[in-house]
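Enquirer: Sequence:
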Amino acid sequence: MSIAAHGLHACGLLRRRAEEAHQRLARCTLCPRRCRVDRLAGETGRCGTGALARIASYGRHFGEEAPLVGKGGSGAIFLAGCNLCCCFCQNYEISQGDQVGQEVDACGFAAAMLELQAMGCHNINLVTPSHVVPQILAALIPALEGGLDIPVVFNCGGYENAETLALLDGAIDIYMPDIKFWEPATADRYAGAPDYPERGREALAIMHRQVGDLAIGPDGIASHGLLIRHLLMPGLIAETESILRFIATALSSASYLNTMAQYHPCGLAGQFAELSRTVTGEEYRRALETARTLGFTRIDTPDINRLLRRLGPVSGSSPVRHTIQVTPTPGSR
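Each residue of the sequence shown is one higher than the one before, starting from 1 at the first, in my numbering.
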């Protein structure tokens, strides 16, 4: 398999982009926060990260979508810090903790990628990478020179700058954004980012233009493309419907979609009474039915019966009948 970044590196463009991105750290505007701090001098903005990326942990991960996991697992690198900082983050200690993780230079970052490839992982899954794009681009150079040849996944929260995504064009094989909010007031309340919906829609369009719909090989493993996640939130099913409608009409109903129902109160969610519960079975059913109605046929589905039992019964509801068309992939959950 030949990954996208090989072409950029061969013509020298990867190095030039890495250098350009590094310079932007001096007055950081890499994400929509535009903190304008000098990260090269050790200053930190909302993401809490300076000149070097911090790796909280890395290893084979089997909890991702089926096309990423396969038999060898996804090579997840959990990066400390975050530019979005949702109050309910399930990785709160990693994303918003104080100086969590080990700082690594480009060679150290590359070494983690190559170790994951040697373990047999199907991809390099960069978890929460938006605030360390310069460090990622720099690390790809020694990684490629060291033999990296599995897809690179940009597993992000969707709060991106168009200019930064342009630096990644041709360097990322699979984009995997989690688009959470549709209304500016909701994004402001839970993440202090009222521009998130606009930036997220813009980011999805750019990502789709760069890599297209998710391509899955005969072995059931994704090679490139866009995989869209949407975390269902308690009481926000109307926003879910708006998000799914946007994806179907502005991007493609052939998008590979994962509507995730695993929300549970974490982090600072206790400060908001409405976030004190999990998603209900009815909310999950309604999200899946909306996806079906909009024409989505590539829906990542875990064991739906087991999930619905966990989410709880719906008063007066009939037994679940799965009418959603799902493109089968080997090893689907």
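Hint data in this document are derived by calculation from the structure and do not stem from the laboratory. Think of the CB as a built atom: it goes at the ideal place given N, C-alpha and C, for glycine as much as any other residue. There's no promise every hint is true.
Distance ranges between label pairs, derived from CB positions [to be verified]:
no., residue 1, residue 2, range
1, Gly270, Gln23, 34 to 42 angstroms
2, Glu43, Glu93, 21 to 29 angstroms
3, Gly108, Ala185, 39 to 47 angstroms
4, Ala254, Asp38, 38 to 46 angstroms
5, Lys71, Thr29, 39 to 47 angstroms
Enquirer: All hints, please: hold or fail.
Expert: Quick rundown of the hints versus the structure:
Evaluation of the 34 to 42 angstroms hint for Gly270 and Gln23 yields a pass: the beta carbon distance comes to about 41 angstroms. For the pair Glu43 and Glu93, the supplied restraint of 21 to 29 angstroms holds, since their beta-carbon distance comes to about 23 angstroms. For Gly108 paired with Ala185, a C-beta distance near 41 angstroms keeps the hint of 39 to 47 angstroms intact. In this structure, Ala254 and Asp38 meet the distance hint of 38 to 46 angstroms, their C-beta atoms being roughly 43 angstroms apart.
Hint check: Lys71 to Thr29, Cβ distance near 41 angstroms, so the stated range 39 to 47 angstroms holds.
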